[in-house]
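> For reference, the chains in residue letters:
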Amino acid sequence: MALEKPYRDIPGTIIFDADQSRKGYWLNQFCMSLMKAENRERFKADERAYLDEWPMTEEQKQAVLARDLNWCMRTGGNIYFLAKIGATDGKSFQQMAGSMTGMTEEEYRDMMIRGGRSIEGNRYIGEDGDAQEHRQPQGAAGKNKGA
Amino acid sequence: MARITASVYTSHVPAIGAAIDMKKTGEAYWQPLFAGYEPSKQWMKENTPDVIFLVYNDHATAFSLDFIPTFAIGCAAEFMPADEGWGPRPVPKVIGHPELAAHIAQSVIQDDFDLTIVNKMDVDHGLTVPLSLLCGEPQQGEAERGGAPSWPCPVIPFAVNVVQYPVPSGRRCFQLGQAIRRAVESYDQDLKVQIWGTGGMSHQLQGARAGLINREWDNAFLDRLIADPAELSQVPHIDYGDAG
Numbered sequence: 001m002a003l004e005k006p007y008r009d010i011p012g013t014i015i016f017d018a019d020q021s022r023k024g025y026w027l028n029q030f031c032m033s034l035m036k037a038e039n040r041e042r043f044k045a046d047e048r049a050y051l052d053e054w055p056m057t058e059e060q061k062q063a064v065l066a067r068d069l070n071w072c073m074r075t076g077g078n079i080y081f082l083a084k085i086g087a088t089d090g091k092s093f094q095q096m097a098g099s100m101t102g103m104t105e106e107e108y109r110d111m112m113i114r115g116g117r118s119i120e121g122n123r124y125i126g127e128d129g130d131a132q133e134h135r136q137p138q139g140a141a142g143k144n145k146g147a
Numbered sequence: 001m002a003r004i005t006a007s008v009y010t011s012h013v014p015a016i017g018a019a020i021d022m023k024k025t026g027e028a029y030w031q032p033l034f035a036g037y038e039p040s041k042q043w044m045k046e047n048t049p050d051v052i053f054l055v056y057n058d059h060a061t062a063f064s065l066d067f068i069p070t071f072a073i074g075c076a077a078e079f080m081p082a083d084e085g086w087g088p089r090p091v092p093k094v095i096g097h098p099e100l101a102a103h104i105a106q107s108v109i110q111d112d113f114d115l116t117i118v119n120k121m122d123v124d125h126g127l128t129v130p131l132s133l134l135c136g137e138p139q140q141g142e143a144e145r146g147g148a149p150s151w152p153c154p155v156i157p158f159a160v161n162v163v164q165y166p167v168p169s170g171r172r173c174f175q176l177g178q179a180i181r182r183a184v185e186s187y188d189q190d191l192k193v194q195i196w197g198t199g200g201m202s203h204q205l206q207g208a209r210a211g212l213i214n215r216e217w218d219n220a221f222l223d224r225l226i227a228d229p230a231e232l233s234q235v236p237h238i239d240y241g242d243a244g
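Same order as they appear, the protein sequences are chains E and X.
Going by the UniProt record's numbering, the first residue of the first sequence is number 1, and it counts up by one from there.
Going by the UniProt record's numbering, the first residue of the second sequence is number 1, and it counts up by one from there.
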């Protein structure tokens, strides 16, 4: 019997389950390696060469080089592991979270100061909240990115 | 006999630790948060226990995808602050309590809970930020008395998996908490033990829905945690996922 996945109707969300874990094993292990200062230095000195030391897929490597965390997650990345890339880059978690929404750092920060994203329209796929597929990208950063 | 003197709960956002470490606690952005912790810090000073049993979640720090324990108890004599990608936090190492930890492990496992016993691991912000928030910065005076600055008492780390689905159910966690209480209360030394819990209320870290906060759900959860934890423990995971 396949894995039961009652969580597939949540918009803008990939639940890190066993299938994602298998898919993302080497990507996440690469992230884990960034917990050592010497590995961070080697990665920063030549990102491509360092990534090539890992049996990751080409798409996973491209997603890391692009620092596109949503892309990384689609290829099996887990946010707790991916956060170590952000830490290596000197980014705060707020900056990383903002980067996944299409909002600028200021827009994301303002949303959080106002109490965070509303659950309204964002519980199930097909509603009309700001996290739904048809409302992406959000904010100015996302709009500029497409331009 | 050991006894549980209090339970304490706090968030552990890594940026809070960074704000403390970078001396930004007085900045306008941070001031409301740190001011809110002052009464709790004062209370901790007046009610310092002999041991803190700290239930937290490891953020892919001590455990990679190689091993994902659902429940792990730290039985080591000491635990070093982890390097999570920006260098270790400049805080003291955590002194454990191997005797009490071993007793709790034995008691809880014989009570039919399958804990993972950990004899060596680093602890991440999930454990060190709560200590900073409630104990304050280790003072120079403490250093003069015994060398390096230190936390006010030993800590037993207890990690709950939140990295890979499925995580344990609320019901299992509630029952485990009851088993930990039985374990503490059957320890033959006269110790004051505090049980700490840390994690997040509703909040989403990743993807297009990042930043979700469901204040109404959070407040109802906290009320039920106090008024009727047994009933609350029946809430299914999917409710945590889509609403909380």
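Treat the hints loosely; a few may be bogus.
Derived DSBU-like pairs: lysine-lysine, alpha-carbon spacing no greater than 30 angstroms straight-line [unchecked claim]:
(1) X:K23 x X:K93
(2) E:K36 x X:K45
(3) E:K44 x X:K45
(4) X:K41 x E:K44
(5) X:K45 x X:K23
(6) E:K5 x X:K120
(7) X:K120 x X:K93
(8) X:K45 x E:K91
(9) X:K24 x E:K91
(10) E:K36 x E:K5
(11) E:K36 x X:K24
(12) E:K36 x X:K41
(13) E:K91 x E:K23
(14) E:K44 x E:K5
(15) X:K93 x E:K36
(16) X:K24 x X:K41
(17) X:K93 x E:K23
(18) X:K93 x E:K44
Some chain E residues flagged as far from chain X (calculated, every beta-carbon gap over 10 angstroms) [as the list claims (entries may be wrong)]:
(19) I15
(20) R42
(21) P55
(22) T104
What the hints contain is simulated information worked out from the structure, not anything from laboratory work.
Heads up, the beta-carbon is just placed ideally off N, CA and C, and yes, glycines get one too.
> Are the Cα positions of X:K45 and E:K91 separated by 30 angstroms at most?
Given pair X:K45, E:K91 is violated - Cα atoms ~34 angstroms apart, limit 30 angstroms.
> Examine each Cβ of chain X, and state whether all of them lie more than 10 angstroms from the Cβ of E:P55.
14 angstroms, holds
> Going by Cβ atoms, does E:I15 stay more than 10 angstroms from chain X at every point?
5 angstroms, violated
> Is it true that the CA of E:K36 sits at most 30 angstroms from the CA of X:K41?
33 angstroms, violated
> Taking only the CA atoms, is the gap from E:K44 to E:K5 under or equal to 30 angstroms?
Answer violated: E:K44 to E:K5 is near 38 angstroms, above 30 angstroms.
> Is the Cα-Cα distance between X:K93 and E:K36 30 angstroms or less?
At roughly 18 angstroms apart (the allowed maximum being 30 angstroms), E:K36 and X:K93 satisfy the hint.
> Assess, step by step, whether the Cα of X:K23 is no farther than 30 angstroms from the Cα of X:K93, and give holds or violated.
Holds, at roughly 20 angstroms.
> Beyond 10 angstroms on every Cβ pair: is that true for E:T104 relative to chain X?
13 angstroms, holds
> Given the hint that X:K24 pairs with E:K91, does the C-alpha gap stay at or below 30 angstroms?
With Cα atoms ~17 angstroms apart, X:K24 and E:K91 stay inside 30 angstroms; holds.
> Does the structure keep X:K24 and X:K41 at a Cα separation of 30 angstroms or less?
Status holds; Cα separation ~18 angstroms.
> Taking only the CA atoms, is the gap from E:K91 to E:K23 under or equal to 30 angstroms?
26 angstroms, holds
> Within 30 angstroms, alpha carbon to alpha carbon, are E:K36 and X:K24?
Distance ~26 angstroms between E:K36 and X:K24 Cα, so the pair holds.
Of the numbered hints stated above, those contradicted by the structure are hints 2, 3, 4, 6, 8, 10, 12, 14, 17, 19, listed in ascending order.
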